[in-house]
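The listed protein sequences correspond, in order, to chains X and B. Heads up, the first sequence is in the numbering used here, so the first residue is 16 and it goes up one at a time. Heads up, the second sequence is in the numbering used here, so the first residue is 102 and it goes up one at a time.
Everything labelled a hint here was simulated from the structure, so no lab data went into it. Some hints could be false.
No farther apart than 30 Å at their CA atoms in a straight line, the calculated lysine-lysine pairs in the DSSO-like style are these [to be verified]:
| no. | chain 1 | residue 1 | chain 2 | residue 2 |
| --- | --- | --- | --- | --- |
| 1 | X | Lys88 | B | Lys187 |
| 2 | B | Lys423 | X | Lys153 |
| 3 | B | Lys383 | B | Lys373 |
| 4 | B | Lys153 | X | Lys148 |
The following residues of chain X were derived to be distant from chain B, with all beta-carbon distances above 12 Å [as the list claims (entries may be wrong)]:
| no. | residue |
| --- | --- |
| 5 | Arg40 |
| 6 | Leu48 |
| 7 | Asp65 |
| 8 | Gly112 |
| 9 | Glu116 |
| 10 | His118 |
| 11 | Gly133 |
| 12 | Tyr134 |
| 13 | Arg168 |
| 14 | Thr173 |
| 15 | Gln186 |
Covered stretches of chain X, going by a simulated chain B footprint (3 or more residues, C-beta under 8 Å) [stated by the list, open to error]:
| no. | segment |
| --- | --- |
| 16 | 49–56 |
| 17 | 69–81 |
| 18 | 154–164 |
Where a beta carbon is used, it is the ideal one built from N, C-alpha and C, also for glycine.
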Amino acid sequence: MSQLAQPTLGRAPVALAPTQPLTLRINGENRTLNVAPWTTLLDALREYLDLTGTKKGCDHGQCGACTVLVNGKRINSCLSLAVMQESEDITTIEGIGTAEELHPLQQAFIDHDAFQCGYCTPGQICSAVALLKEGRGKTEAEVRDLMSGNLCRCGAYTNILSAVMEVVNAQKA
Amino acid sequence: MNSFTYSPPTAVDAAVRERINRPDSAYIGGGTNLIDLMKENVAHPTHLIGLKKLPLAEIENLPDGGLRLGAMATNADTAWHPEVEKRYPLLNQAILAGATPQLRNMATNGGNLMQRTRCYYFYDLATPCNKREPGTGCSAIGGYNRIHAILGASEQCIATHPSDMCVALAALEAVVRVSSPQGERSISFANFHRLPGDRPELDNTLRPGELITALDLPKKGFAKNFTYLKLRDRSSYAFAVVSVAAALELDGDIITDARLALGGVAHKPWRKAEAEQLLIGKPATLVTFRQAAAELLAGAEGHAHNAFKIELAKRAIVRALKQATEMDYVLDTNAFQNSNP
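Chain X with its partners taken away, still in its complex shape (with noise of 0.2 Å):
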């Protein structure tokens, strides 16, 4: 008889529970959606409010590619409930710079190529703006240990790095 454990499948309750409409505010509108408890805010940009700009990479919190700003500070996505964050103050690469007026952080990762394929692009530039508002991050060293929840499988760092320094250095300029 082998001793391997079986897969236990997901147990089902006892109802399927009823979607409930959830305010949340995105981006500074309130947007109304109907959601199950079980929807992650990520999937409720994405999926629900066609916020496509915040990415899905790893969907375990270890990526950073689905970084938003919750009240400022910045979270991941993937890994909070839509239902957690009703009536909270949440901002998303939609939600920073136009197309007319970038955010120096925008325009810095244009300068410095802060990128091959882009799509870790949205939370580097989200943990980026929280960075700068948290102010802790001055040195190189500071920035990479403040920068380590997210990751860009293309190798960009040493540009990505450069990008979030210039703008570091005209804050303390």
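Go by the hints and put chain B onto chain X.
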């Protein structure tokens, strides 16, 4: 992830009543570990009790000179709280050594204590695991066990507790305050997490339904001579291979009080009174440090891929104690406290 219902009660007594009435429910703080476990199908509660509306996010001074950390204060807000930075810099260092800014902004103090092991087999539903499915066996024993325990393990389980914050809380002798329908009680940090023994599915000594409401730090913060030394496979965003929380009080070069706790080596932060006694009253020298390190590692047993951690832990202890001795901490509010010296 299975389907579930969600409710966010606004009072502690309502939350604990709901938890008792729904045995298949779970509390959710920041969700950084629980939601991941649910996505992996390791955890499958059918009802989540959201804690964020409870009034448990305060950090406040206690009349006895200690500091109360609300269970729902985030790890980031706790690490950067002025009182923590000034009076408990060891805790600041330990928190900042763990996870990422994003995760620390979500993860709560109570949740940090409640996070589960990162043992690969615990997460892998295709393999036996006594912690996940009691009685099925331990795949880490005889498997790949680099991140596993060298102290206090059992034949049932060699998982480690993954927290950095908890290692500092153990050294600082924090007290865990919990609520249940029977009222409130306090649990010393040493008695909060448990060793696996023959019940590896139990990580801690909480009774059914009990909710962590706060962590109380005693007045003594060892704010002058301390170190949190974390050794890991990359310089940021990795769990500890071995970590050391070292805290000393010195009178000249004589050690008058000492705390020493290890992370990454056991099912709970590892402390031993005998090791600390070997430091107290002695000169702060490498000889003294090596004696304490040997005592703290006494009885350590390695497996195929983690036996190196025994010697690594001893050397880490000596280095941490040396750093703590040479340190003379004064808070520089302009400097980022680098968590990885």
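Against the structure, the hints come out as follows:
Our distance criterion of 30 Å between C-alpha atoms is met by Lys88/X and Lys187/B, whose separation comes to about 23 Å. In summary, the hint linking Lys423/B to Lys153/X is supported, as the alpha carbons are separated by about 28 Å, within the 30 Å threshold. The suggested pairing of Lys383/B with Lys373/B holds, with an alpha-carbon distance near 17 Å, which does not exceed 30 Å. With a CA separation close to 24 Å, the supplied pair Lys153/B and Lys148/X stays within the 30 Å bound.
Non-interface call for Arg40/X relative to chain B: holds, since the shortest CB-CB distance, roughly 16 Å, exceeds 12 Å. The beta carbon of Leu48/X is kept farther than 12 Å from every beta carbon of chain B, the shortest such distance being approximately 15 Å. For Asp65/X, the non-interface assignment is confirmed: its Cβ lies about 23 Å from the closest Cβ of chain B, beyond the 12 Å cut-off. Gly112/X, annotated as away from the interface, keeps every beta carbon of chain B farther than 12 Å; the closest lies near 20 Å.
The non-interface label for Glu116/X is consistent with chain B: the shortest C-beta to C-beta separation is roughly 26 Å, beyond 12 Å. The Cβ of His118/X lies farther than 12 Å from every Cβ of chain B, with a closest approach of about 18 Å, so its non-interface assignment holds. Separation of Gly133/X from chain B is adequate, the least Cβ-Cβ distance of about 20 Å exceeding the 12 Å criterion. With a closest Cβ-Cβ approach of about 17 Å to chain B, Tyr134/X is found to remain outside the 12 Å limit, as its non-interface label requires.
Its beta-carbon lying about 15 Å from the closest one in chain B, Arg168/X satisfies the requirement of being farther than 12 Å from that chain. No beta-carbon of chain B comes within 12 Å of the beta-carbon of Thr173/X; the shortest separation is about 16 Å. Residue-level check passed: Gln186/X sits 14 Å from the nearest beta carbon of chain B, beyond 12 Å. Residue count for the segment 49–56 of chain X with a Cβ under 8 Å from a Cβ of chain B: 4. That meets the three needed, and the coverage hint holds.
Evaluation of the coverage hint for the segment 69–81 of chain X: fulfilled, as 4 residues show C-beta separations to chain B shorter than 8 Å, against a requirement of three. For the segment 154–164 of chain X, the stated coverage by chain B is satisfied: 8 residues place a CB nearer than 8 Å to a CB of that chain, which reaches the threshold of 3.
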